[in-house]
Every structure is written in C-alpha cells, then in structure tokens.
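Asker: Going down the list, the protein sequences come from chains A, B, C and D. Each residue of the first sequence is one higher than the last, beginning at 1 in my numbering. Each residue of the second sequence is one higher than the last, beginning at 297 in my numbering. Each residue of the third sequence is one higher than the last, beginning at 593 in my numbering. Each residue of the fourth sequence is one higher than the last, beginning at 889 in my numbering.
Rather than coming from a laboratory, the hints here were simulated on the basis of the structure. Treat the hints loosely; a few may be bogus.
[What the hints assert, rightly or not] Listed next, the stretches of chain A that the computed footprint assigns to chain D, with coverage defined by at least 3 CB atoms under 8 Å from CB atoms of chain D: (1) 188 to 201; (2) 283 to 296.
[Stated by the list, open to error] Far from chain D, by Cβ distances over 12 Å, these chain B residues were calculated: (3) N307; (4) R353; (5) A366; (6) H401; (7) F435; (8) F455; (9) L525; (10) V539.
Think of the CB as a built atom: it goes at the ideal place given N, C-alpha and C, for glycine as much as any other residue.
Each chain, written out:
Number of protein chains: 4
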Amino acid sequence: MPTPLSLDTLNAVDAKDFVAALGGIFEHSPWAAEAVVEARPFGSLQALLDAMVAAVRAAGPERQRALLAAHPDLAGKAARAGTLTAASTAEQASAGLDRLSEDEHAAFHRLNDAYQQKYGIPFIVCVRRHTKASILTQFERRLANDSATEHATALDEVFRIAALRLDQLVAAPDRLPLAGRLSTHVLDTHGGTPAKGIPLTLFEIGPGDARRVVVETVTNHDGRTDAPLIGGRPVPIGTYELVFAVGAYFTARGVPLADPPFLDTVPLRFSIAEAEGHYHVPLLVTPWSFSTYRGS
Amino acid sequence: MPTPLSLDTLNAVDAKDFVAALGGIFEHSPWAAEAVVEARPFGSLQALLDAMVAAVRAAGPERQRALLAAHPDLAGKAARAGTLTAASTAEQASAGLDRLSEDEHAAFHRLNDAYQQKYGIPFIVCVRRHTKASILTQFERRLANDSATEHATALDEVFRIAALRLDQLVAAPDRLPLAGRLSTHVLDTHGGTPAKGIPLTLFEIGPGDARRVVVETVTNHDGRTDAPLIGGRPVPIGTYELVFAVGAYFTARGVPLADPPFLDTVPLRFSIAEAEGHYHVPLLVTPWSFSTYRGS
Amino acid sequence: MPTPLSLDTLNAVDAKDFVAALGGIFEHSPWAAEAVVEARPFGSLQALLDAMVAAVRAAGPERQRALLAAHPDLAGKAARAGTLTAASTAEQASAGLDRLSEDEHAAFHRLNDAYQQKYGIPFIVCVRRHTKASILTQFERRLANDSATEHATALDEVFRIAALRLDQLVAAPDRLPLAGRLSTHVLDTHGGTPAKGIPLTLFEIGPGDARRVVVETVTNHDGRTDAPLIGGRPVPIGTYELVFAVGAYFTARGVPLADPPFLDTVPLRFSIAEAEGHYHVPLLVTPWSFSTYRGS
Amino acid sequence: MPTPLSLDTLNAVDAKDFVAALGGIFEHSPWAAEAVVEARPFGSLQALLDAMVAAVRAAGPERQRALLAAHPDLAGKAARAGTLTAASTAEQASAGLDRLSEDEHAAFHRLNDAYQQKYGIPFIVCVRRHTKASILTQFERRLANDSATEHATALDEVFRIAALRLDQLVAAPDRLPLAGRLSTHVLDTHGGTPAKGIPLTLFEIGPGDARRVVVETVTNHDGRTDAPLIGGRPVPIGTYELVFAVGAYFTARGVPLADPPFLDTVPLRFSIAEAEGHYHVPLLVTPWSFSTYRGS
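Same shape as in the complex, but just chain A (with noise of 0.2 Å):
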C-alpha cells in the first residue's frame, strides 16, 4: 500500500495534481474530482467525499450511467485479461474473485450476463463489504429489481466503492465510518477464568460449504486475541465458522476428558448482517459444555 496523501496536501496542490490523485475514486471518472477541486480547502475527509458524492448526485442520469457502464465486470473478461484498474483488482481480490473455480466462474459469468442484458450495465457492489457466497446472494437478488430502483442501487454501491478507497488513500484527522469489528472472547467456566492459549480458527464459508481460513491465532492471557479477529475493515457479510481447539486446553490443565473428549473442536457458525457493525462473538466452555452469544 502506498504511503497516504495528507489532507493538507491535497488542499495545496494544484487542480490538476488534486484531480491526479483522486480521479480513480470513482472509476474512469476524473470528472468527479475535478467538479469540486474549487471547492478547497475541505475539513475533513468526510466532507471531501460528501462533495464529491453530491458531485455525482448532481451530474444526471446520463453521466450517471456513464459511470456506471465504465466498471469492470466481476470475475470478467477484464479481471482474466489483468487489464482491470489497480483499486479494481485489489477489491475482487479481496473477496476471492480471482481464484474461483470454474463452476464459479460459470455461475459469474451468466449472472453477469443476465445483468447486462436486464439492464445495460455491468453488476456493481462493493465487494470489501462481501464474502464471495454474499455477493452471489446479491447478484441473485438484485437481478429482480426493476431498472430504476437497480439504478439507485448501483451508485450507493458505486458511493460505497469511493469511500473505501478514499480512505486507504488519503490521511486525514478523521477517518471514514467503515471499519466493522469481529472480535472473540474465551471463558473457562470449568475453572472460572479467561482461557488462555487456545488456538482458533476463523473461516469463512463459501458456496457448496467450501471453508477459507480468514486468520488463525491464539487467545492470550485474558482469553482474547491480541488483534481483533478481523478490524479496521468492513467485516464481510456472509457466514463464518470460528473453531476453537478447546481439547488441548483442558487436557492441558490437567482435567480428566472422556477418551475421545465430549468437546475436541468446537465450531461456531454464524452470520454476519452488518459489515460496519461490531461483533463479539464469545465461547464459554467447559469440557462438557459451550455456550456462545452476539456480544458487544
């Protein structure tokens, strides 16, 4: 990742270095930066994007679709080509995109096709904000929208895309309401404290049940991690398993188990809604017993 802009910068420099640096906000459409480069200085990131969103807002509908004809397809000709724009390949990737299986590639590739011919653009989402098996939700869904409100749809996604990126690109005082949090906590009530050293896994679930391993880590002294299982980062929407190898643990300490014990591997299943929101996702566990909750 590069080195940030500063804010401060960014109102110094410029027009023509200021529509450089933000004109792939929004994709191909340097316009949108330069409509409010007169508008310097901005305060806060917020109300760069706020500009330019209206910007955007204001162009009509023409311009609109423009903008959105100019995205690539998902897991298209563009992304096999490597012709796609740096921002572009980094976010397909993030979703897993660019390693699909040709069952997947063919489920794309006529949902994308399907999209183009309803509605003359290619299908846009902020895929950070999505697992793989949520975007194909999506596309599924979105496909029984009608064209006006499919339209609205897109360029909140396209608005989504922007902030994203204007906020890994440039450091301001305030930083952009994105981030969501999962985060994990492991109680022993066996012995009534925090347990410690428990290896976990986190995965992510895809279509057909394939599993992806997001992170794996350990909790430490309080029974946390050190690091949130997933922050500064919109949390995907989609499902998750988080496995726990709580048989170690208790063998460990010295607590007699069944042979093999009741609870080896515990796996937590659940969904996440909101990919700003903050999850804590908790296990209170005895060798006979768990218990798991939404936290906060």
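Got chain A; can you put chains B, C and D on it based on the hints?
Answerer: This is chains B, C and D only, laid out in the frame that chain A set:
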C-alpha cells in the same frame, strides 16, 4: 433381519440344531456352542452368553489363538471378494468399511499388514461400537501393545462381537446391556417454548472431516425427536455433528432476524466415548445465542 | 381427606343422597346439584361438571347473584369466627389466608369493604390457583372492572372452585384438567453428569418479599427430584425462589473452590402465570457459572 | 477526606513533620515512622511501605506485641465511647460495625472476650477487606489458631491496614496494589443487543441473610454501568446479591410477557474471596432464561 429364534426353542431343540443355530456366534468356531449344549436350559440370554464366554476362556491359548486367527481382515481381501460370513459382512458395512476410498483402503491395508506381522493374527475390533475414524484410531493405538495385552484385548473384542450377534439372533425375556442412546431436545429460549418443527441432521465425522448422514429428522411438539437419534444399539464411538436449521424456524415464527440471520444452521460437534452410554445433547437457542451441554 | 365417592355410586344413589353429596360444590347452593339429578347417569366427571356449570349459567342473574353473595369474605369475619364451610376453610388455608399478619388482615379488610361497596357481593377468587401475593394483585386489579365484567369474572372463579371441589370429592375414570406441574433438574456441567444429592428449597415469595417454604427436597441420581416440586394440583400463580445448595455439592465431589465459594446457595427467582401449566426450571451449574430457562 | 500529602513533600520535610504525618499508619505507634525517617528519600510509595513493614518486622516480639495490643476492639467499648482514632473509626464504619444490632453487638462482645482471653491481644483484621459476615467468620476461625500462628496472622493484618492507610494519606506516582473491582454487563440475548436502562442493585448479604444496599445504578447503552459496582478499593470478602429489574426492561421494549412475567427481578448471588481480585459478573437474559458466570 431374519425372525429371531426364541430362547425357549434353543433350550428344547436337538444338540445339533442348537449348534447349527449358534455356531456363528464365534467366527468359524462352532465348538463354543458345542461346549455349552449340555448346560441347557439357560434361564436368560445373559446366562447363555456367560456360558459361551466361559467356554472360550477355558479353552486355552491355542484354541483361542485359532479363534482369533479365524477372523477376517477388516476391509481386507475376503471382504473385497465377498467371501465373509453374513455376520461379518453386516458388521463391516455398519461402520462403512464396505465403502472406503482408495486412500482409506490403502491405510487399512498397511495397518492390517503391520498388525499381522507383529501379532500373527488379524486385527479384531467390535466394529458396531465404532465409527470408521475410531476404528483407525484403535488400530494405530493397539499396534503399540505387547503381544499378551493385545491377545487379551482381541479376545475382549470377540466377546463384544459375540454378545451383539447373540442379542440379534435370539429373542429372550432379557436383552443384553448393549444399547446406548443419543437424543436431543431443542428449547426456544426466545419464546419460552419447546422448538417444534426444527429440521436437524446428524452427521458422523470421518477421517479428513468427511461427513456421512446418520439420520435426518425434525423436532416434534415437545422439541424432541419421535425416536432417539441413535437407540437400541451401541452408539458408535467417534465424532459427530448435529446440525439444526434454526433460521427457518424463527422466520416461520415471525421473529425479525438479521439478513442473513446471525444464526441459520447451528452445528454442535461432540464425540461419543462410551458406546453403551446415554448421551443427551440439547440445544437452547435464540436468534442471537445458543448453548449445549451433555444432559441426561 | 375423606375417601372420594365414586362416580358410579353417584349415578346410582337416591336423588336426595346425590344432592347431599354434591350440595357443597357450589357454596351454600344445593340447587345446582338438584338441577342435574335427573340427567344421570354421567359418563365422566367432566360431563357432570359441565352439566352443573350449564345449570348455573341457565339459572339467570338473580340466582347467580345469590350464589355469589353466598360466598364468605376472604380472610373475613366468618373465617376468624371459624364458621366457614369445610371446603372454604381448606381453600383459604391453602394460600395462607389463615395465617395473615395484622398488616395483611388490614389490607384484606380494606379491600373486602371496597369491593362489597362497589359490587354488592364478596370478592371471589379460586384461591387454590393463587399465592397470597397474587390474590392481593387480583383484588386490586378487579376493583377497576365495571359491574358486568366483574359479575362474569366472579362466576368464572366460582366454576373453577366447583371444578376443584368436584375433582377432590369424586373418584372417576377421568380427572379434570386442573393440575399444573413445577419440576427441576440439576446438571453439573463441570463434571458432565446429573448432580445428585443437591439439597434444594422452594420458597413462595409473599407481599414484602416474605418467604414461605413450599417444599424442601434433594436431587436424586438423575439430578431430578423424586416427585415434582408441585404436582397433581394447580401451581399457585405468583413468585417463587428455588434455592440450590451447590457449594456443599462441589465440596463433596472434591472440586477445589474459592473460600468462600463463588457460588454457594444459588437462588432462581421466577413467576408462575398459568396455574395449569407445566413449568420445568432446570439449573446448569459449575462452581463458576450457572444458567436456567423455562424448559419442558 | 483531607488532601493527600505528596511523597515529594514527605521526602523533604523535617523529621518531626514526617513522623507527625505518618505516625498513625501503625496504630498508636509512631516509632515505625521514626525508624525509617533517615532512609529518605523514598522513590515510591511501595518503597516507603516496605521500609516501614521491615522496621516493624525487625522490632522484635515485644514491640510487635505492644503494637498489636494498641489496637482497639472491633465494635468494642472505645468504638461505643467514640474514643477511636479517626482511621479506626472510618475503617470500622466501612464494614458497618458502627451500626450493629444488639445481637451482633453481643456476638462481637463474646468473641472479643474469648480472643483476649486466649491470646492476650485484641482481635485485629483489616476490616476494609471484609463484610461484616466475613469478619465474624474470620473471628470464629482464627480462634482455633495457636498463639504463634495468630501473632503472625495479626501482624499481617496490621500490614494490610497500614498499606491502606498509607495509600489514602500519600499522593505518589505509584499506587499500592490494593484495589479490586466488581463489574457487570447485561446482554439481551432475545434482541441480540446490550441491555440499556436496566435498573440494578447490589446488596451485601449479612449475618442471618440481612441485606444492605451497596449501590443502585442502571445499565448504559453498552449494557454496562458507567462506573464499576465496586472499584478503586478492596472488594470486601463476603456474599452479595446483584438484582436486575429485567421485567420492566422487556415490557418497555414491547416484548410480550406472561402475567406475571416468568422473570421479573433476577437475583444473582455470589461471593467474593479475593478482595484485590477483578470480578466480572455478567447477565445474559431473555424473558425465559438467564445465565451468569465469572468473567474477566
């Protein structure tokens, strides 16, 4: 399953018919039946079993060794060739040994060879008490035993096999204490009622996390299943996942859920250590929390 | 409790003996029994009750009003003077109305007066279905009713009283559906077993948080009590505390505890709203955690 | 509370002023302060405490015995006559020893006499670390000690008292590790959110189950209390009940409840064993279930 013989009949028939009926209780070893024919009548199935076991124990090391040697390999050549006894065929199928992958076949082949070479007899285990994964675990562990321990262990397994065969073959007022039980119960702690109509599936977890459906059912008005998940037989030692479709249940009750719901399909993973034990694995669930424990 | 009469006997005896036997089912109102004597034989207790209730409903407002007026005050002068019917005496004692404090007497006196003055009849409630605190709550609430509503409500209570009196008096193949049940179950989720030998006490919580012991017992080998905490009768509507001595249990099992133990006596406080409902209130407990829920 | 002296000031003042300031850290025993005056400057409060404790340990049995003897009886004549030191007065009040019932007075009187007679010194305990009930328990238990053990135990309590006095009196960059913490957190697992606005009361449970309000508060938007229930001081060893008004909360949220609600006020009863420990006692609650555990 053929109609069971009654104990009364067995007490009354000719010696030769008695031996013909019970000659297969011990694999290819009708002498165990012959040894007890004069001790008739037997007052209970347990008394008959005890007598046959005592006869085998009294028979001395050489005959015992011949008895052990008369057993087929697990998933071995005889099984592939279809030349097993009917009892052995059904037993091996119960643990899925008739449906092994090539990798699993190779594993069994390697272990059978190592075992034969070390102890000079085939590996014997009462497969109705184990899952495929547990059989492989037993195999590995028992290869560490010395010969005397392993001879005794194999004989104990032969007695377990005999008991299960006898219990299936003979109708008597008493049943041998061979049956475990696995049951569940779903409580909706959001609504304060038993959860009726929850579809659930019990999977057996095999080597490499492969899963096999054991039973699919649905909860009744009391949140239980009409029949135990496993009952009237040993609960095979091994690891299971019990998966409940709770999202559909709460949706049907009109409870507002996140999209996707925080909890949709809830898996509970646990292991059985005592094939004759009673395992109750309930689920207490709201749209935002769940817990389980080994109940009674 | 006198030996119940059988329904067969009641169907066969003289009309006068029938009325003598059932004349007290409705307080001081043998006419309800007289009205159904010709409808004999009754095939079930429910049919007999239904006939008597129908007779009272058909009797018209004036006779109904006389029936209501024939009831004694709750904890009133007649009770103090010992001139209640035997049935009323036992009923009022069931809710502890024979053991009121002076403050409680004053409260009942005040409410009786207010009720008499407003409706011209005594306050009638089926006391076997209520705790003392719940009776006071009913009293206060019903004073807000209009006369017609209150006449109907009082009549419904008279029918409930009649049903309970009939069910106690007459032995028949059927029982009236008047009994609720309160039960418990203690699971030791530290050891993974039912908790055997836990002393427990059920308290009824009265006005001003006064507590009265309903039952003291101990859990059996299955973690349950040999008999329901309340069974075979309505569970009086009101608030309860169920207190479990878990500290002594874990000490006896050799589990190391803090001094004093984090959990020693565990109270579960809950309320009963349906006197004929089935309430199962289990305790899942370790030395460091516990949970409860309305089970089934 | 008077403004604390700073450690810097104490390091700088005349010897006589130093002794005047710290002469009361050990009851009526300024010699402990005199003994360390030449060792100034002290780099931390802990260093100052350690020096004074070392001086007392080095002073020999006779002076130590005089120090012990200089302490007042708990709830004794001096307390009744109002002739305690200010420090002792505040300490005894902290555990409610200034508000004893006549029965409790009699109990303390009896124990004081028995203790004086057995050991020749008054019973000393750091009362800020105990509830009234726990002080009585300590009293009974320590009467079983032999003299040497009890002399050592009393001295340890004197050091605990000294540490708390010093920590209150002197401002320094470091604080002595004397503070425990008791906190709670309410999660609404019916709605999947922190439970905001739940009124709660912490009671200390005294002898004979008498209860004294420690704090009344209400949960904030995160389901926690704005301040710890007990913090910045030792958590007195003893038994507590934390009572949550959950019925009103669910009613306010529009959740349909039974009448009366199954759960209305939920008490959690637990005991504190480590006055300097961190105790987190959360409540997970629906209208039909709740659970708690020692968290972190």
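Asker: Confirm or reject each hint.
Answerer: Hint check results:
1. Judged by the Cβ-Cβ criterion of 8 Å, the stretch 188 to 201 of chain A is covered by chain D as claimed, because 4 of its residues qualify and three suffice.
2. Coverage of a stretch by a chain is defined here by at least three residues with a beta carbon nearer than 8 Å to that chain's beta carbons; for the stretch 283 to 296 of chain A and chain D the count is 6, and the condition holds.
3. Even its closest Cβ contact with chain D, about 56 Å, leaves B/N307 beyond 12 Å, as expected for a residue assigned away from the interface.
4. With a cut of 12 Å on Cβ distances, B/R353 stays outside the contact zone with chain D, its closest approach being about 51 Å.
5. Non-interface status of B/A366 relative to chain D is upheld: no Cβ of that chain comes within 12 Å, the nearest being about 56 Å off.
6. No Cβ of chain D comes within 12 Å of the Cβ of B/H401; the nearest lies about 48 Å off, and the non-interface call holds.
7. Separation of B/F435 from chain D is adequate, the least Cβ-Cβ distance of about 41 Å exceeding the 12 Å criterion.
8. Even its closest Cβ contact with chain D, about 45 Å, leaves B/F455 beyond 12 Å, as expected for a residue assigned away from the interface.
9. With 12 Å as the threshold on Cβ separation, the claim that B/L525 sits away from chain D holds: the shortest Cβ distance comes to roughly 24 Å.
10. The Cβ of B/V539 sits about 21 Å from the closest Cβ of chain D, beyond the 12 Å cut-off, so the non-interface label holds.
The earlier numbered hints are all upheld by this structure, with none contradicted.
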